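Line by line, the protein sequences are chains A and B. Just so you know, we're using full-length UniProt numbering here: the first sequence kicks off at 1 and counts up by one. Just so you know, we're using full-length UniProt numbering here: the second sequence kicks off at 1 and counts up by one.
What the hints contain is simulated information worked out from the structure, not anything from laboratory work. Computed from a prediction, not measured in an experiment: that's the story for all the values here. Misleading hints may appear alongside valid ones.
A pair counts as met if it fits within one copy or between any two copies, since identical chains are not told apart.
What the hints assert, rightly or not - Lysine-lysine pairs mimicking DSS-like chemistry, simulated, CA-CA at most 25 Å apart:
id: 1; residue 1: K28; residue 2: K80
id: 2; residue 1: K54; residue 2: K28
id: 3; residue 1: K357; residue 2: K295
id: 4; residue 1: K295; residue 2: K277
id: 5; residue 1: K311; residue 2: K332
id: 6; residue 1: K295; residue 2: K311
id: 7; residue 1: K295; residue 2: K151
id: 8; residue 1: K277; residue 2: K332
id: 9; residue 1: K151; residue 2: K207
id: 10; residue 1: K295; residue 2: K332
id: 11; residue 1: K277; residue 2: K357
id: 12; residue 1: K47; residue 2: K80
There are 2 protein chains.
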Amino acid sequence: MNITTEQMRFWSPAVRELEPYVPGEQPKIQNLLKLNTNENPYPPSPKVVEAVQKVLENSADALRLYPDPDASELKQAIAKQQQVPVEQVFVGNGSDEVLAHIFKAFFVQDLPLLYPDITYSFYPVYSQFFGVNTQVIPLNDNFEIVVDDYKQPNGGIIITNPNAPTSIDMGLAAIEEVLQANPNSVVVIDEAYVDFGAESAVSLVEKYENLVVCQTTSKSRSLAGLRVGFAIAQPHLIAALEAVKNSFNSYPMDRFAIAAAVASFEDQEYFEAQNQKVIASRETLVAQLAELGFKVLPSSANFIFASLPSKDAGELAAELRERGIIVRYFNKPRINQFLRITIGTDEQNQRLVDTLKNEILA
Amino acid sequence: MNITTEQMRFWSPAVRELEPYVPGEQPKIQNLLKLNTNENPYPPSPKVVEAVQKVLENSADALRLYPDPDASELKQAIAKQQQVPVEQVFVGNGSDEVLAHIFKAFFVQDLPLLYPDITYSFYPVYSQFFGVNTQVIPLNDNFEIVVDDYKQPNGGIIITNPNAPTSIDMGLAAIEEVLQANPNSVVVIDEAYVDFGAESAVSLVEKYENLVVCQTTSKSRSLAGLRVGFAIAQPHLIAALEAVKNSFNSYPMDRFAIAAAVASFEDQEYFEAQNQKVIASRETLVAQLAELGFKVLPSSANFIFASLPSKDAGELAAELRERGIIVRYFNKPRINQFLRITIGTDEQNQRLVDTLKNEILA
Numbered sequence: 001m002n003i004t005t006e007q008m009r010f011w012s013p014a015v016r017e018l019e020p021y022v023p024g025e026q027p028k029i030q031n032l033l034k035l036n037t038n039e040n041p042y043p044p045s046p047k048v049v050e051a052v053q054k055v056l057e058n059s060a061d062a063l064r065l066y067p068d069p070d071a072s073e074l075k076q077a078i079a080k081q082q083q084v085p086v087e088q089v090f091v092g093n094g095s096d097e098v099l100a101h102i103f104k105a106f107f108v109q110d111l112p113l114l115y116p117d118i119t120y121s122f123y124p125v126y127s128q129f130f131g132v133n134t135q136v137i138p139l140n141d142n143f144e145i146v147v148d149d150y151k152q153p154n155g156g157i158i159i160t161n162p163n164a165p166t167s168i169d170m171g172l173a174a175i176e177e178v179l180q181a182n183p184n185s186v187v188v189i190d191e192a193y194v195d196f197g198a199e200s201a202v203s204l205v206e207k208y209e210n211l212v213v214c215q216t217t218s219k220s221r222s223l224a225g226l227r228v229g230f231a232i233a234q235p236h237l238i239a240a241l242e243a244v245k246n247s248f249n250s251y252p253m254d255r256f257a258i259a260a261a262v263a264s265f266e267d268q269e270y271f272e273a274q275n276q277k278v279i280a281s282r283e284t285l286v287a288q289l290a291e292l293g294f295k296v297l298p299s300s301a302n303f304i305f306a307s308l309p310s311k312d313a314g315e316l317a318a319e320l321r322e323r324g325i326i327v328r329y330f331n332k333p334r335i336n337q338f339l340r341i342t343i344g345t346d347e348q349n350q351r352l353v354d355t356l357k358n359e360i361l362a
Numbered sequence: 001m002n003i004t005t006e007q008m009r010f011w012s013p014a015v016r017e018l019e020p021y022v023p024g025e026q027p028k029i030q031n032l033l034k035l036n037t038n039e040n041p042y043p044p045s046p047k048v049v050e051a052v053q054k055v056l057e058n059s060a061d062a063l064r065l066y067p068d069p070d071a072s073e074l075k076q077a078i079a080k081q082q083q084v085p086v087e088q089v090f091v092g093n094g095s096d097e098v099l100a101h102i103f104k105a106f107f108v109q110d111l112p113l114l115y116p117d118i119t120y121s122f123y124p125v126y127s128q129f130f131g132v133n134t135q136v137i138p139l140n141d142n143f144e145i146v147v148d149d150y151k152q153p154n155g156g157i158i159i160t161n162p163n164a165p166t167s168i169d170m171g172l173a174a175i176e177e178v179l180q181a182n183p184n185s186v187v188v189i190d191e192a193y194v195d196f197g198a199e200s201a202v203s204l205v206e207k208y209e210n211l212v213v214c215q216t217t218s219k220s221r222s223l224a225g226l227r228v229g230f231a232i233a234q235p236h237l238i239a240a241l242e243a244v245k246n247s248f249n250s251y252p253m254d255r256f257a258i259a260a261a262v263a264s265f266e267d268q269e270y271f272e273a274q275n276q277k278v279i280a281s282r283e284t285l286v287a288q289l290a291e292l293g294f295k296v297l298p299s300s301a302n303f304i305f306a307s308l309p310s311k312d313a314g315e316l317a318a319e320l321r322e323r324g325i326i327v328r329y330f331n332k333p334r335i336n337q338f339l340r341i342t343i344g345t346d347e348q349n350q351r352l353v354d355t356l357k358n359e360i361l362a
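Extracted from the complex, chain A is given alone in its bound form (with noise of 0.2 Å):
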């Protein structure tokens, strides 16, 4: 819409300048392939359905109290699996709310915050929103994060492990290099997509002060419908946290997605199948894109950046998308000829094999 500069007085003098975040589109189109937001392709654990179930007892009584402000019962569930104790789980609205109290709480620093510049681009918005400095490092050529680049004075960094839209792991050894190179700032690793085939480094957390990582039941537990991020660190780190999110909304946590992460967390061997299965499926598109002459970076997510020499991505993405096809480009420098999709069902992934094989590139 256009606000008139009459108008424009109103809004405080810095929001005026935001450039706010796109998510990828949530189309409304029925028999849709839709392959651009990372989705699970499987609905979540059948334990989420008794779980909810169990909250519209007696009318949805429930519903009319408070949650419990501080999600004890959720932090206790991602505590016991995640192997850690309950002071280290810090919890909120989606990861994307953990991170926003993640930039505010750790970030806003007279020394630059380091990421890499092809990343998730959430970050810049961040650090414009809460005024934090940023200092960008460019990818290597071959789109992977080079250590010695994040060994400059900085008051953070903040690294996305497998990256994303690269879908590239860097590896636990590279992660400590920078940790032991950066004693005075936070590091955070922010593990969207680590369950499909990445290590974790919430393994590291007990013996580095500096680590925080971050991770989301929106992918790996197919919760995206429902708005549960956390992230794990010491109690030093967690205490910044929850100052944050207190003096932002004391209940962040609706009563649903407190007793639906739960019991998604409380199903180990689900999660552990349908990881599985996604990986597979994975590894069969790589196999098939590859015969079609697709180059794919190296995957451990659950999705694939690929690019089609014999073609532009921005029209391949529009054909894709006349046939109900729906995958992520970007158009950016360096990644405006790589497509970003999302693995789904092995038909699924069929049907764009088939699609692209059969009509496009025939």
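Following the hints, put chain B in place on chain A, whose structure we already have.
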């Protein structure tokens, strides 16, 4: 917990100074009469249960997909119920989140934000969090807002109406006077309790380009456990809130929250009947407490603010608590001889009155 100076180096400097909000306690004791956080004594509309059941269909497959980041369906339901265009609706994860976004969007100005000395105690917390300059305006000796005090240079005004914890309603004529006196400031009317007998300022939104009205589903809709709040304002103000929201968290409303709140807004009959019950119970309780010697401020809310000249309020709160009844006591200047008591069912209120009459004041 104790955080050492050395550990504190990891925190953003401003976060080290935060004094977070402390919500009313949510104890997990059996047979407790909980009259401390202004929850509704009745369950939500039965339609809420049906709506949530629908999200659970097909093994809750809907949960694997992100919700609509714009929560359009919910905005439409609110617009219809409030009789405003959908472009005038903003939604958030509880009215606490909506208020947080309001502070960031409008109140970070050179001139100070004005609000009463006795009001929602989250306002100073938001102000510190976002770096908002403030000037606190004392209520008069009857705990009323004096309109003339809000005719001085300012960078915004926020008024809770009915005010909390006083329960006193200032009336729309007085609100219009504040709006007219401040054509260059955003005036926010926080109407968390408006449905229990006060007149809403939503009817003024079309007329005043500087008005934002904030409401919640936590009280009058029995959905405290769900976390849904909203704001009504002209589109040039809604746009600022959207810019802030989309710089913080794209998907704050989960699928259950959207579906359940929509169902609640569509059941106007249940909503009105339930509020009338609470109002009737309030009038009975006020009369009974007056008989016991309490002075009760005139209430337009689902709580009352009462003092007993013959007894210290802190002691009274403690004695009620020993008998399984929790009310809210604020150990703060001017109001430390008052108790804030949530209106329960008639049976619950009778238990309070009987306990006072037969045990504490006998």
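Verification of the supplied hints:
1. For the identical chains of this complex, K28 and K80 are inter-copy neighbours only, at 22 Å across copies versus 38 Å inside a copy, given an alpha-carbon limit of 25 Å.
2. Taking CA atoms no more than 25 Å apart as the test, K54 paired with K28 passes between copies only; the shortest distance there is 17 Å, against 30 Å inside one copy.
3. In this assembly of identical chains, K357 and K295 lie within 25 Å of each other by CA distance solely inside one copy; the values are 15 Å within and 80 Å between copies.
4. For a Cα distance limit of 25 Å, the shortest separation of K295 from K277 inside one copy, 23 Å, qualifies, whereas the shortest one across copies, 67 Å, does not.
5. Within a single copy, K311 and K332 get their C-alpha atoms as close as 17 Å, which meets the 25 Å cut-off; across copies the closest is 69 Å, which misses it.
6. Within a single copy, K295 and K311 get their C-alpha atoms as close as 12 Å, which meets the 25 Å cut-off; across copies the closest is 79 Å, which misses it.
7. In this homomeric assembly, K295 and K151 never come within 25 Å of each other (Cα to Cα): the closest approach is 31 Å inside a single copy and 66 Å across copies.
8. Proximity of K277 and K332 under a CA criterion of 25 Å is satisfied in neither setting, with 32 Å inside one chain copy and 58 Å between copies.
9. Taking the shortest Cα distances, K151 and K207 sit within 25 Å of each other inside one copy (19 Å), while across copies they are farther apart (57 Å).
10. Only within a single protomer do K295 and K332 lie at most 25 Å apart by alpha-carbon distance; the minimum there is 18 Å, versus 66 Å between protomers.
11. Taking the shortest Cα distances, K277 and K357 sit within 25 Å of each other inside one copy (24 Å), while across copies they are farther apart (66 Å).
12. Taking CA atoms no more than 25 Å apart as the test, K47 paired with K80 passes inside one copy only; the shortest distance there is 17 Å, against 36 Å between copies.
Of the numbered hints given earlier, the model fails hints 7 and 8; all others are met.
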